[in-house]
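Under the working numbering, think of the first position of the sequence shown as 19, with each following residue one higher.
What the hints contain is simulated information worked out from the structure, not anything from laboratory work. Treat the hints with care, as some may be off.
[Unchecked claim] Derived Cβ-Cβ restraints for the label pairs, each shown as a range:
#1 Leu34 with Pro68: 15 to 25 Å
#2 Thr39 with Ile92: 15 to 25 Å
#3 Lys40 with Ala62: 11 to 21 Å
#4 Ala41 with Gln85: 26 to 36 Å
#5 Asn29 with Gly87: 27 to 37 Å
#6 Gly51 with Gln85: 26 to 36 Å
#7 Asn29 with Ile49: 27 to 37 Å
#8 Gln85 with Lys40: 29 to 39 Å
#9 Ala33 with Ala65: 24 to 34 Å
#10 Ala62 with Ala41: 13 to 23 Å
#11 Ala77 with Arg48: 15 to 25 Å
C-beta: ideal position from N, C-alpha, C; glycine also.
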Amino acid sequence: MVNLYSARHYNTDEALYSNFTKATGIKVNRIDGGEDALLTRIKAEGANSPADVFLTVDAGRLWIAEQEGVFAPIQ
């Protein structure tokens with residue numbers, strides 16, 4: 019399972035998640051919220067955050083998350 023923290027609410031996203039699951043067998047667990055609320059949640063969860071992916075509607079929020087040290091490298 020992949021935990022997706024998403025601030026996006028587009029019907030096309032549902033097709034993307036469904037196709038991802040069909041292609042990989044990995045289920046998408048979507049946690050919805052506003053960008054600021056999700057970013058605050060991820061920061062509060064810290065290193066123990068279950069979030070695998072943080073998806074926003076604009077790149078500006080991703081830049082803020084990067085500046086605040088939210089992201090971790092992947093192997």
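Inset, instruction - Indicate whether the distance between the beta carbons of Ala33 and Ala65 respects the range 24 to 34 Å. - result: Since the Cβ atoms of Ala33 and Ala65 sit about 33 Å apart, the hinted range of 24 to 34 Å holds.
Inset, instruction - Could you see if the CB distance from Gln85 to Lys40 stays within 29 to 39 Å? - result: About 36 Å separates the Cβ atoms of Gln85 and Lys40, which means 29 to 39 Å holds.
Inset, instruction - Given the hint of 26 to 36 Å, check if Gly51 and Gln85 actually sit that far apart at their C-beta atoms. - result: Violated, since Gly51 and Gln85 (Cβ atoms, about 20 Å apart) do not stay within the stated range.
Legend entry - Range agreement (Cβ of Pro68 with Cβ of Leu34, hint 15 to 25 Å): 20 Å, holds
Inset, instruction - Go ahead and decide if the range 27 to 37 Å is satisfied by the Cβ distance of Asn29 to Ile49. - result: At 18 Å between Cβs, range violated.
Inset, instruction - Given the hint of 11 to 21 Å, check if Lys40 and Ala62 actually sit that far apart at their C-beta atoms. - result: 33 Å, violated
Inset, instruction - Confirm or reject the claim that Thr39 and Ile92 have a C-beta distance inside 15 to 25 Å. - result: Check passed, 20 Å falls within 15 to 25 Å.
Inset, instruction - Please test the hint of 13 to 23 Å on the beta carbon pair from Ala62 and Ala41. - result: Once the Cβ atoms are compared, 33 Å apart, the range 13 to 23 Å for Ala41 and Ala62 is violated.
Legend entry - Range hint 27 to 37 Å (beta carbons of Asn29 and Gly87) holds or violated: Roughly 33 Å apart at Cβ, these two residues keep to the hinted range, so it holds.
Inset, instruction - Using the Cβ atoms, figure out if Ala41 sits within 26 to 36 Å of Gln85. - result: 33 Å, holds
Inset, instruction - Check the following: the C-beta atoms of Ala77 and Arg48 are separated by a distance inside 15 to 25 Å. - result: Distance hint for Ala77, Arg48 holds at roughly 20 Å.
Hint compliance for this structure: hints 3, 6, 7 and 10 are not met, and every other hint is.
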